[in-house]
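S.K.: Using my numbering, the first residue of the sequence shown is number 21, and each one after it goes up by one.
I should point out that these hints are in silico values taken from the structure, not numbers from a laboratory.
Cut-off 25 Å, straight-line C-alpha distance, at most; resulting in silico cross-link-like pairs (DSS-like, lysine-lysine):
1) K202 with K265
2) K200 with K265
3) K242 with K265
Between beta-carbon pairs, the in silico distance windows are:
4) A157 with D320: 18 to 26 Å
5) T48 with W182: 53 to 61 Å
6) P139 with Q49: 48 to 56 Å
7) D224 with P50: 50 to 58 Å
8) T214 with D320: 44 to 52 Å
9) D151 with R45: 36 to 44 Å
10) E101 with E66: 32 to 40 Å
11) A34 with H233: 49 to 57 Å
12) T48 with P127: 51 to 59 Å
13) D69 with R93: 24 to 32 Å
14) R89 with R143: 21 to 29 Å
15) S213 with P139: 52 to 60 Å
16) R283 with L129: 23 to 31 Å
17) E86 with K202: 48 to 56 Å
Values in this document were obtained by computation on a predicted structure and should not be read as measured data.
Note that beta-carbon positions come from the ideal geometry of N, C-alpha and C, so glycine has one too.
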Amino acid sequence: MEINWLEDFMELSAVRNFSTAAAARHVTQPAFSRRIRALENWMGTELIDRSSYPVKLTIAGEIFLESSRKLIREIHRVRDECRQQARAGIEMITFSALHTIALSIFPDLLIGIEKNAGPFVTRMYATDFYDCVESLALGRCDIAFCYAHELGPPVLQTEQFWSKTICIDPFYLVSTTNDKGKATIDPMTWSASTDIPLVAYSSDCFLGKIQVHLMHEMQKTKLTFRTVYENSMSEAVKRMVLAGKGVGWLPESAARQEIEQARLCVIGDGSARVDLNVLAIRKQGIGSVAVERFWSNLHDQ
21 MEINWLEDFM ELSAVRNFST AAAARHVTQP AFSRRIRALE NWMGTELIDR
71 SSYPVKLTIA GEIFLESSRK LIREIHRVRD ECRQQARAGI EMITFSALHT
121 IALSIFPDLL IGIEKNAGPF VTRMYATDFY DCVESLALGR CDIAFCYAHE
171 LGPPVLQTEQ FWSKTICIDP FYLVSTTNDK GKATIDPMTW SASTDIPLVA
221 YSSDCFLGKI QVHLMHEMQK TKLTFRTVYE NSMSEAVKRM VLAGKGVGWL
271 PESAARQEIE QARLCVIGDG SARVDLNVLA IRKQGIGSVA VERFWSNLHD
321 Q
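Taking the hints into account, I'd like the entire structure generated from these sequences.
M.R.: Right under this line is the structure:
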C-alpha cells in the first residue's frame, strides 16, 4: 500500500475520469491506471466500475472512499505531529481516561503535578471504560485514568501493571433546586406510588453498572424509577438534570461547581451513593523520561 494510491483513488472518485485525474496528479494516464489497479489488487476487489462513462465507484469503492479520507487525514496528522516533536525535542505523554475524569479531574491534577515537576506536553484521549483499559493494554497510551469499584467491571489487576489511587470521587444522586435552595425532587418525601423520573446512564458503561446497583438498593424502600433520558457521559446527564428532566447520579467531580452554586443538591440517604476510586494505571517497566517524571510525582492516596 502506498499513500499515493489513496490520493489517486480520492482524485478519481472526485472527477470520475481517468485522464482528468491523471493530469491533476501530474502523471501519465497509463501510470495512473496502473496505480489504481495496484490499489485494487492490494484490496482484493475492484473499487472502480470501468464499464460506464463517467466511471463509477463499486459498492466496495464507496465503502473504501470514506475510510481512505480518514486514513490520509490521520497519516498526515501523525506525520506533522512527529515532525513538530522532532524539531522541538519534546517527549509527549499520552493519556487515556474516562470522559468524567478527563474533564473534571485531570486538568487540576496536571496543574498540581506541573507545579512540582515542571511542564509536560500531553495528549488526552477521553473515552469509555473498556476502550480506556484496552488502550493501555495495547500500548496506545502511556497512562490510563479510570474508576474502580467492586460493583463495577474489573480493572487491569495483573502483575503487568502498576496502579495508584489518586483520589476518591463520591457518586451520588442529585436534583435541581427550587428558589429556596431545596431539591425539586426528593426521594425522602416522594410518593412510593409514582415513579421518579431518572436521567440515566447507559447500562453498558461503567457508571451505568454502578447506577443499577444503587437503584436496586433504593427500590428496597419501595421507590421506583422511570428513565426519561439515557447517555453514557456524566456531563450529558448533568445537563439534562439541570434542565429539569429528572434526577441523576453524578460523580462529585462533575457536580461540585453546580452544588456550590446551589443549582444542584445531593438527595437520598446512604444507600444512594458509593465512593469511586480514581486509578492511574501504567504498564510495568521503564517508560520515557517524561513518563517517569510524571509518574514519580503522581502520589498514591
